[in-house]
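Colleague: Single-letter residue listing:
There are 2 protein chains.
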Amino acid sequence: EERRKYRPLDEKAASEYLAMVAPLAERLGGSPQDWNIKEVGDGNMNFVYIVVGPRGSLVLKQALPYVRCVGESWAMTLERAYFEANALRKEFELVPEYVPEIFHFDHPMAVIAMRYCEPPHIILRKGLIQGIVYPRLADHMSDFTSKTLFFSSLLALDTHKHKMAAAQSYANVEMCRLTEQVIFSEPYMEAPNNRWTSPQLDEDVRALREDIELKAEIAELKARFCERTQALLHGDLHTGSIMVTETSTKVIDPEFSFYGPMGFDLGAFIANLILAYYSQDGHSATEGGREDYRGWILQTVSDFWTSFAAKFKREWDRSRDSPGDAYVPAVYNSPEVIELAQKRFMEELFCDSLGFAAAKMIRRIVGIAHVEDLESIANVDVRAKCERRALNCAKLLMKQRRKLSSIAEAQLKLRIVQ
Amino acid sequence: EERRKYRPLDEKAASEYLAMVAPLAERLGGSPQDWNIKEVGDGNMNFVYIVVGPRGSLVLKQALPYVRCVGESWAMTLERAYFEANALRKEFELVPEYVPEIFHFDHPMAVIAMRYCEPPHIILRKGLIQGIVYPRLADHMSDFTSKTLFFSSLLALDTHKHKMAAAQSYANVEMCRLTEQVIFSEPYMEAPNNRWTSPQLDEDVRALREDIELKAEIAELKARFCERTQALLHGDLHTGSIMVTETSTKVIDPEFSFYGPMGFDLGAFIANLILAYYSQDGHSATEGGREDYRGWILQTVSDFWTSFAAKFKREWDRSRDSPGDAYVPAVYNSPEVIELAQKRFMEELFCDSLGFAAAKMIRRIVGIAHVEDLESIANVDVRAKCERRALNCAKLLMKQRRKLSSIAEAQLKLRIVQ
Ligand SMILES: Nc1ncnc2c1ncn2[C@@H]1O[C@H](COP(=O)(O)OP(=O)(O)O)[C@@H](O)[C@H]1O
Ligand SMILES: Nc1ncnc2c1ncn2[C@@H]1O[C@H](COP(=O)(O)OP(=O)(O)O)[C@@H](O)[C@H]1O
Ligand SMILES: [Mg+2]
Ligand SMILES: [Mg+2]
Ligand SMILES: [Mg+2]
Ligand SMILES: [Mg+2]
Ligand SMILES: [Mg+2]
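Protein chains in written order, with the working numbering: chain Z, 1 to 418; chain X, 1 to 418.
All the pointers check out, no bait thrown in.
For identical chains, the list gives no copy identity; a pair is met inside one copy or between any two copies.
Simulated pairs of lysine-lysine, DSBU-like, Cα-Cα distance not exceeding 35 Å:
no. : residue 1 : residue 2
1   : 313       : 399
2   : 403       : 413
3   : 90        : 126
4   : 403       : 311
5   : 5         : 161
6   : 161       : 90
7   : 311       : 147
8   : 147       : 161
9   : 250       : 90
10  : 311       : 399
11  : 413       : 343
12  : 311       : 161
13  : 126       : 147
14  : 313       : 403
15  : 343       : 399
16  : 147       : 399
Simulated from the structure, these hints should not be mistaken for lab results.
In this text the structure is predicted, and so the values were computed from the model without any measurement.
This is chain Z alone, in the form it adopts within the complex (with noise of 0.2 Å):
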């Protein structure tokens, strides 16, 4: 029923579409055929169109019913739009500063109206591969990750208002199975989709999936990501879809949205700080050239979750007039039990997100989606380096994330795997 109101909008239709709903043919000013239109969709899932008119922009996004990358033969579901339309209202709620306010959301037609995050706003990634440091990407991720996480756990929620949303976020099952399917499982066995750069990597990719290991351990960060609803996440944090200036952060694209453990969209921030970590050889024009921004990035790992552990205990401490349910005052009632509790939800927190990180890292560079960082290295030894190298760093946190005690001592280990 709902399906047969909908219709894939392409540049003319999608013109059309805006004409016809008043406040953002009103916010756009002028008429139709003042208006361009620009499809920018990096290509993976969804339509997007840039739109500006004499008045004013927006960005239209739509879902496709299939991945758009892949085509109609791997079917998804259109109401991945409505948990994108509804994690970015939470997220505006909570963080503004950081996320496109939603003008509007369709839902038979799978459409979202959202600000445009005008130039000079470019997609993260593309930066980081420019070599192009970002002050305040550390403290503004921190920000947005330590506010939508804890407002949306048990810190702050009864277990009322907590379970509802989780079992609302149940829905979006079809995008979980997805990241179930490509991140947790197919990395680590025989299957179509997997590509790495070959002959180069075929080795290593063969190791891989004789780790033994490795894959105890995926199967417990799996068992993680599918039962533990610890919080509203994200769910594709990953530098492409974080769109940022020297001064403005602006996270989009939450299709993925879930109530999952909190160390995975933590992880997914981090894992694609480390890529770009690892990649920036193949992006120097003379050898040790992006020394100085290797060095900037791994700080901004560090400064990360420094800053996310500083403010999401910041938040904890300020909740004490009106908790969640988690953590009742009368039991945690005294300085050290406060700090002993804390410390505990922090150094498992820590743990998840290196695991969730290392997990990511290594679909990145044998499974189908691949990133950017290292596919635009056009020397493919080049390239095969720098993948051993991220490979190797994600076995290693995987493996030793329970002993690593700090960021420091992780720091360290990305800087010993070259």
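Take the given structure of chain Z and dock chain X with the ligands to it, following the hints.
Modeller: Only chain X with the ligands this time, still in chain Z's reference frame:
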């Protein structure tokens, strides 16, 4: 609206009600005046009528909109009858030999009619107090738990079915909240509901409330309880929810059923066996007169875990043809990796089970709801001594559970804490 269709049944009204439900009246045979009706609810939560007619018998259980043993001031959702009926049906599908069959469920009336577990069935807790040996208990309960937990988990289900089942069970949130309160919070704080053998245990209770290690542990267990949707649990699997003869075992009363961590059910059963173990000194006519019986209880704890692990593994091995989504066969594709994955899974589950067992022991000694095993010990000094041992054992189990790698090791601790 639904609430308006509810009315509590006394014995007379119950008889009239049964007369109106043709299949039930027929099962009983004769006419209402031939039916023998007796209320046997042990008083915590619900009305339970045993009804015997000329042809057959049944049990009629009705939920009350409040906690029966506290009074109308503590409201309690009638919806729990719905979750009880659902769980009974699911369990009956999987392990019919251990569950009374449901004959009838009336949602607005919160009434369940089920098979009467006839004498000589008695509540296991009462048998344990009397010192009766149940040679089949470990075998039956390991059957019950291994099948109900395995087949509702991602080891047997695909992600879609698993998430939908978990989402449905979320509506039993009121019962989860009650568990959170009485198991994971109140025992560790001052609360009007709490009671303990005083003044004998005053010092122990004070120490418990100042034990920040323990409070850090209970926070972790509570998070698992609230956030981990691993399997459909019974939710209240103590020895008062099990009816036994020497050859038969029936599990009743799953009104707390929800998707949670498997260790919560396993721990509940283990905890109540251990409480029975430590209470034996209070029941033996002569000093040490229940030594053999204590030995049998310990052996039953150990047999239960060992058989559970073996049967759970057997289901896992058997499920190769239609496995759930947790362990994709193409990834877990050698005996070595399967063995390692199973080992890791069981280690984590054992650790969880010990933690939840400890939590359940503690709350039965210092919280709102105590157990007859200890309450029925007339000499308060003897009782306090038994309780102190159980409490010390629980504290040890909760804090050391990560280091206890086998049931034999755990058993040893039980022998040591005297
Ligand atoms: N609000 C926005 N402002 C500016 N550009 C955007 C906005 N949303 C999306 N884009 C552009 O469209 C691309 C694809 O958008 P995204 O939401 O990531 O779609 P997909 O789910 O298909 O990956 C982004 O990489 C970005 O370049
Ligand atoms: N199917 C049954 N057969 C025999 N006795 C039962 C049955 N169900 C309940 N009872 C008796 O009623 C008591 C209370 O039942 P239970 O389901 O545990 O209720 P509550 O939820 O109030 O604890 C049990 O302890 C048992 O003695
Ligand atoms: Mg995207
Ligand atoms: Mg996307
Ligand atoms: Mg109970
Ligand atoms: Mg009961
Ligand atoms: Mg009950």
